[in-house]
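Novice: Sequence:
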Amino acid sequence: MFKILSRSYVTDIAIVGSGLAGLSTVYFLDMFTAEKVRTAIISKSSLGYGTSTYYSAGAFRCPVNGYSVDDYVRDVIEGGRYVNRRSLVELIALRSINTIKSLEQLGIRFRISRGVLRVVSDDPLFQGRELVLTLKNYVVRRPNTVVLENTYMLDIIKCSNGTFNIVCITTNSDYVVITSKVVVLATGGAANIYVRSDNPQQLSCDGHGVCLRLGLPLIDMEFIQFFPLGIAEPGKPAFMIPFTKGKLINKLGEDVVIKYGLGSLGKAIIVNRDSLSRYIMLEVMNGNGINNALVVYPEESDEELSSFAKELVRRLNLRPPIKVLPTAHFSMGGVEVSDNLETSINGLYVVGELVGGIHGANRLGGNALTSCVVTAEVVARNVVDYLESKFRGSVSLNDEGVNQVIKEYSFRDGRYTPSEVRYRIRNLMWSKAGVIRSDNSLRECMEELLRIHEDLDKVRISSYEEVIKYSEMLNTLLTSITTTYSALLRTESRGAHFRLDHPEENNSWVKNIRITYSNGKFRYEIR
Numbered sequence: 001m002f003k004i005l006s007r008s009y010v011t012d013i014a015i016v017g018s019g020l021a022g023l024s025t026v027y028f029l030d031m032f033t034a035e036k037v038r039t040a041i042i043s044k045s046s047l048g049y050g051t052s053t054y055y056s057a058g059a060f061r062c063p064v065n066g067y068s069v070d071d072y073v074r075d076v077i078e079g080g081r082y083v084n085r086r087s088l089v090e091l092i093a094l095r096s097i098n099t100i101k102s103l104e105q106l107g108i109r110f111r112i113s114r115g116v117l118r119v120v121s122d123d124p125l126f127q128g129r130e131l132v133l134t135l136k137n138y139v140v141r142r143p144n145t146v147v148l149e150n151t152y153m154l155d156i157i158k159c160s161n162g163t164f165n166i167v168c169i170t171t172n173s174d175y176v177v178i179t180s181k182v183v184v185l186a187t188g189g190a191a192n193i194y195v196r197s198d199n200p201q202q203l204s205c206d207g208h209g210v211c212l213r214l215g216l217p218l219i220d221m222e223f224i225q226f227f228p229l230g231i232a233e234p235g236k237p238a239f240m241i242p243f244t245k246g247k248l249i250n251k252l253g254e255d256v257v258i259k260y261g262l263g264s265l266g267k268a269i270i271v272n273r274d275s276l277s278r279y280i281m282l283e284v285m286n287g288n289g290i291n292n293a294l295v296v297y298p299e300e301s302d303e304e305l306s307s308f309a310k311e312l313v314r315r316l317n318l319r320p321p322i323k324v325l326p327t328a329h330f331s332m333g334g335v336e337v338s339d340n341l342e343t344s345i346n347g348l349y350v351v352g353e354l355v356g357g358i359h360g361a362n363r364l365g366g367n368a369l370t371s372c373v374v375t376a377e378v379v380a381r382n383v384v385d386y387l388e389s390k391f392r393g394s395v396s397l398n399d400e401g402v403n404q405v406i407k408e409y410s411f412r413d414g415r416y417t418p419s420e421v422r423y424r425i426r427n428l429m430w431s432k433a434g435v436i437r438s439d440n441s442l443r444e445c446m447e448e449l450l451r452i453h454e455d456l457d458k459v460r461i462s463s464y465e466e467v468i469k470y471s472e473m474l475n476t477l478l479t480s481i482t483t484t485y486s487a488l489l490r491t492e493s494r495g496a497h498f499r500l501d502h503p504e505e506n507n508s509w510v511k512n513i514r515i516t517y518s519n520g521k522f523r524y525e526i527r
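Every letter in the sequence shown is one number past the one before it in the working numbering, and letter 201, counting from 1, is 201.
Fair warning: there could be bad hints in the mix.
Here are the computed lysine-lysine pairs in the DSS-like style, where the Cα-Cα straight-line distance is at most 30 Å [unchecked claim]:
| # | residue 1 | residue 2 |
| --- | --- | --- |
| 1 | 458 | 521 |
| 2 | 245 | 259 |
| 3 | 236 | 36 |
| 4 | 247 | 259 |
| 5 | 407 | 36 |
| 6 | 158 | 407 |
| 7 | 245 | 158 |
| 8 | 245 | 323 |
| 9 | 310 | 236 |
| 10 | 101 | 136 |
| 11 | 390 | 158 |
| 12 | 323 | 310 |
| 13 | 407 | 390 |
| 14 | 407 | 458 |
| 15 | 251 | 236 |
| 16 | 247 | 158 |
| 17 | 158 | 251 |
| 18 | 267 | 236 |
| 19 | 251 | 323 |
| 20 | 407 | 251 |
| 21 | 236 | 101 |
| 22 | 521 | 158 |
| 23 | 247 | 323 |
| 24 | 136 | 310 |
| 25 | 511 | 521 |
| 26 | 267 | 245 |
| 27 | 390 | 458 |
| 28 | 236 | 259 |
| 29 | 236 | 136 |
| 30 | 158 | 259 |
| 31 | 247 | 236 |
To be clear, the hints were calculated from the coordinates, so they are not data collected in a lab.
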């Protein structure tokens, strides 16, 4: 049937993504079913690697140690500047502690530190590694499980019989299709629309792009969290580096933290993170940068330096003064879901950072991993209910829509490579729709992005590697347009979204912006 396909699979559940959200979905599925349902897991890299969870600090914010559910809900909604969906925040609050603690059955250990649960790990830098590897070991030993590593999702087709075809390509240039009753997207966030991001480079908004093409709405996409102190040394990754004592100096020799009345560096990092990011960018924009950055002179002793910062300095061989700039860290927006985490397409679910509505205009520290496990647990329960009582019919191999997807990625000549175009998009987003935004910058960004969208036929595909690169570029482009459009529409500053021409929060904007994509056009709704 599939002359151009190398492999094909039929399964009950297909999960795209192998970070905490994706892997824990498998674990929670088995808590709600007597038998192991057929499951396929699609991962761009080796299972679990190259994910945000792997590189995380392993921290979970939740009601624990005297921190009540009401306190948690209040803090999350205040931090999100009142545009979170309260029902989702309450869902996370009520289910978080038991859901997180259930991971202890796998051997994952936690300790309470600074009001959050932290994974006990031997790795001082990437404590989330313990989560990923433990869950990976569970998944690879699980029966009825197919793991597709080094496999890239190109698109998803909703078939006429209610099943899904997921069209993929591998790094070995093989086309693969997975036909499934259910799809769970766990593809991570959208911070990599910016050229400066601390997210793993393989994250390219694949879930966002696919959901847009399927007609699902994205919500709150204007809200991107930036960490103010991101490494800006040539040849080094743009990782965040959490110094809490020291001086942040511009080319005039001024300490920027003192200049703008932010108290100490430590206080600015914790309490005034968004403001510090803006002031750093303003200094650079006003010509006060040092090679387009500021420099930090850390003053912590070895005893005071966090294990994370200490290990990062050691592994990257950093020597003060260290050049820093903000780095994109987390995207609060994502796919719009119901109060019970269902999308408007039966059988299609999203988990983790791809879910929109939880964090509002900004995310509190430790809530990323908490959201991953709770959304995975709730969606796993929904999936089991869907398969047992709602799905009607059977699943079998079919080619509906597959050839059309592959045709869209046919080799062709073009003026630009996909990598060149994606780099151009990410630079454009950084300079025009990044930490500091304005009507002019956002309109310029939008015009250029739409021009790229109109000229996609000028982007070449000359190898199977460029099929992958084109797919990543396309998903980055669609997500960038959605983010820029939302930022242009929100004529105020709120949370992580800052408009130079509208610097104040406006009570009339306690609303959410919803973007859809159909027939090559973007549409919005504010409600």
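Novice: To test your reading of the hints: which numbers does this structure violate?
Specialist: The structure breaks hints 3, 5, 7, 13, 16, 17, 20, 21, 27 and 30; every other hint is satisfied.
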